[in-house]
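Engineer: Given next are the chains, with one letter for each unit.
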Amino acid sequence: MESVRLISALFLLLLVSTGSSASHGSRRKKARKPCNNLVFYFHDVIYNGHNAKNATAAIVGAPSWGNRTILAGQNHFGDLVVFDDPITLDNNLHSTPVGRAQGFYIYDKKDIFTAWLGFSFVFNSTEHKGSINFAGADPLMNKTRDISVIGGTGDFFMARGVATLSTDAFEGEVYFRLRVNIKLYECW
Amino acid sequence: MESVRLISALFLLLLVSTGSSASHGSRRKKARKPCNNLVFYFHDVIYNGHNAKNATAAIVGAPSWGNRTILAGQNHFGDLVVFDDPITLDNNLHSTPVGRAQGFYIYDKKDIFTAWLGFSFVFNSTEHKGSINFAGADPLMNKTRDISVIGGTGDFFMARGVATLSTDAFEGEVYFRLRVNIKLYECW
Amino acid sequence: MESVRLISALFLLLLVSTGSSASHGSRRKKARKPCNNLVFYFHDVIYNGHNAKNATAAIVGAPSWGNRTILAGQNHFGDLVVFDDPITLDNNLHSTPVGRAQGFYIYDKKDIFTAWLGFSFVFNSTEHKGSINFAGADPLMNKTRDISVIGGTGDFFMARGVATLSTDAFEGEVYFRLRVNIKLYECW
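Protein chains in written order, with the UniProt record's numbering: chain A, 1 to 188; chain B, 1 to 188; chain C, 1 to 188.
Bear in mind the hints are in silico, worked out from the structure with no lab data behind them. Don't take every hint at face value.
Because identical chains cannot be distinguished in the list, a pair is counted as satisfied if it fits within a single copy or across any two copies.
What the hints assert, rightly or not - No more than 27 Å apart at the CA atoms, straight line, and that leaves these computed lysine-lysine pairs for DSSO-like:
(1) Lys143 x Lys183
(2) Lys143 x Lys110
(3) Lys143 x Lys129
(4) Lys110 x Lys183
(5) Lys33 x Lys129
(6) Lys183 x Lys129
(7) Lys53 x Lys110
(8) Lys143 x Lys33
(9) Lys110 x Lys129
(10) Lys110 x Lys33
(11) Lys33 x Lys53
(12) Lys183 x Lys33
(13) Lys183 x Lys53
(14) Lys143 x Lys53
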């Protein structure tokens, strides 16, 4: 009798453990509770011909009807911008940066503002060491939009997840500030 | 005797459940059966100086020997193209789009046509909401070629998989249509 | 008594198997032992106006103060380079290539050399068939730096991991050779 009870307990444990493991190759639902949840801000100052000292981003590709100093018409369609932006913990451009957001965005639609992003958060502080890599579409007129966390290194080794972007502020075509809520669902 | 039989059954179940779970950090083979399988077409109309109204893509980077209106010689090596292309369920350019393919490709080889792709499928319909993000090499003279699904959002939250591209049609250097068979192997 | 011993053994096995499975949505630590470990070298010869025959890479985007023949000042900030580089097993540029490294890098910082990389290793030999896709920040003055393996196809189907880059050699602004140590932690 004792062994039957033990077996039952074991059986239960087995079911629980199986249920919580990965569902590769199946449609089984996994818990959508992040294993890590971080919020940062980053600040993009686009070079416009007059702000070489402060600019953190520059147009490096443009359609044939555009140039690399002024963002093109038709919702900047075709403009490729490279950036190295400070990351801060709050929404103040002058707060001490905790890392750098580095990569590019390309405006990719004529009718409305939309961009495609490929970039990294690079950390080298006492708080965080390592990088988080992002890719995805940014329909930037939406209040919030989701892109993918496609990998990470160091403290964020093998991370995967979703980052929710929102435009926290912008000033004409020179400055914008993004709030990034990073939710990791795979942590190692 | 009864308990021994129970234990054997349990043991078998354990082996099965272990076999189907993820093999992080090991070489164990997982079932390669997709948890989601989708087929779409997308249509790229490249701006050539005369089709501003219909164009869905434009050259925004080119090597020093090229320009941004005509695709460069040497198999377009160095041309960077940004696109916002309609996605359809069948191979008809004029079918109602079910989403947009947005991102870029760069021709990256002098001897033959090959490109590197970074883009997203963006859906906002009753059928699908969310995005699928892709990256990979596209040796476009091959009948089929595989790129990676590197992430997803919304209905495709945390998706991973492989997308098989094939060129369904092309017209000179102005139009091409890709068939995309998306096979997801990680679904949440 | 026999059954109790059997149950104990089973219990142990269960714990082991559970511990090694994926920790989606949890902070549980996984073993950081690669399921595949590969070392390659790739060789980048940048077009500079005089080496059209040998060049494997070319500048295709530049900031407004730069051009597409000479890498820009300020640590090449804003230069976008497309490449199709030979991959070799040792550090000899003239060894028989085992594949091609194809994609792009963008110099993205004014103060020091740093780039953002998106590229693939494409193999089609008796040894390896398929591709490995990479993305991430490359602070190239560091002795080693980690980027993400974001996916793979063929022999590297669904691969994920980390690649450690180191600059094995460089000659002025025309040639560099990277050593890439690919450590996969998800193998299918």
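Engineer: Are any of the numbered hints broken by this structure? If so, which, sorted upward?
Structural biologist: Going through the list in order, the structure violates hints 4, 10, 11, 13 and 14 and respects the others.
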